[in-house]
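With chain A's structure known, arrange chain B on it following the hints.
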Amino acid sequence: MALNRTVVGAHYGVRGWLVQRLSAVVMGVTMLFFLLALLAARPGDYTAWKGLFSQGWVRVAALLFFLSLFSHAWVGMRDILMDYVKPTGVRLGLQLAVILALVAGAVWATSIVWRA
Amino acid sequence: MTDIAVKKKRPVWFNLNLLNLPLAARVSILHRVSGALLFVLAFWLLYLLDGSLASAERYDSVRQIVAHPFAKLVLLVVLWAFLHHFFAGIRYLLLDLHVGIQREKAKSTSIAVFVVSLALTVLLGGWLLWR
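As given, the protein sequences belong to chains A and B, one line each in that order. Positions 1 to 116 (my numbering) are the ones given, in order, by the first sequence. Positions 1001 to 1131 (my numbering) are the ones given, in order, by the second sequence.
Bound conformation, chain B alone:
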């Protein structure tokens, strides 16, 4: 009786604040976000690849398209999405093999995914797009 009464009064706490997510969970949700982004943008990339191999004229027009500032911004998003998805993906493949499943290791590899993918986005983005 009293147990039920106590249970009924318990506050229900729906924590929807993403800021309280652990690092590994942020890697995970961004793995999904980047995957979905890559799915959508893959068709635009396929269009660019198609043009670049079709003829010399279309090759030139593709070069003009990717030189546009807005296209560069989209390509930077593609680059980040790819790098995050790639390194987080390698982390998941290793986790499947039971590599790095300890709490501390899992946290440090989460940090590594963010550091490496963001650093490479800046470096490769700067080098490939704004050189």
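One chain only, chain A, in its complex shape:
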């Protein structure tokens, strides 16, 4: 019997692949700007350090950075768990733990950036 199968799927893989690369580029660009701001300001004490983060564009860049970081970390950790953790229950448990940690981290990072 001949089997002519068309490969179909939900394209989760492609989406993750794209998220990983786009977030990497966003992080690279925001870090470059932050590094330049850091070298320009050279904050040596609390007031200067806090002043750096109270600028509007730094907040927006930091927020973009952290949201990219946590989505990037999700794709990476998911890939690692899919490759090395084979028992379904353990894998799902670990994936859930990673998701919870990342969501908590994203909320925490947002509150840090917005309060500063």
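No lab work stands behind these hints, which were simulated from the structure alone. These numbers come from a predicted model, not from an experiment. The reader is advised that the hints may include incorrect statements.
[Unchecked claim] Here's a subset of chain B near chain A, in silico, CB distances under 8 Å, partners left out:
#1 Ala1025
#2 Arg1026
#3 Phe1043
#4 Leu1046
#5 Leu1049
#6 Asp1050
#7 Ser1052
#8 Leu1053
Here a beta-carbon is modelled for each residue, glycine too, at the ideal position from N, C-alpha and C.
Quick look at chain B alone, frame taken from chain A:
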């Protein structure tokens, strides 16, 4: 018949020796290791950032924390993990764009990732942490 007999006698060679991995494969596995390390240590870094922006007192205590020799060692690991992940990541983005996919190029960019990330770890680590 004879084919099957020959096949059955073939030794199965499971080479688990990491030393035989090609350079590009070592960049790859260390990309994973450094990524996982950064995931774990990101929460500690977030804690430090939180403290450094909370108040002048907590800013001072964060400075004391990162001045501790053990914290410096952890920060050096963070620095290496970041630099390796960063430069290996740029290499993968370029490979996705079909830049440097030839065997020789891929090998030389693997060497470049190791050289640049390790050199910058030593230089930046020395300058930022043990100045």
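Hints and how they fare:
1. Ala1025: Hint on Ala1025 of chain B: violated, closest Cβ of chain A at ~14 Å, above 8 Å.
2. Arg1026: Interface hint status for Arg1026 of chain B: violated (17 Å vs cutoff 8 Å).
3. Phe1043: 6 Å, holds
4. Leu1046: 6 Å, holds
5. Leu1049: 6 Å, holds
6. Asp1050: 5 Å, holds
7. Ser1052: 6 Å, holds
8. Leu1053: Holds - the Cβ of Leu1053 of chain B comes within 8 Å of chain A, reaching about 4 Å at its closest.
Checked against the numbered hints given earlier, this structure breaks hints 1, 2; the rest are met.
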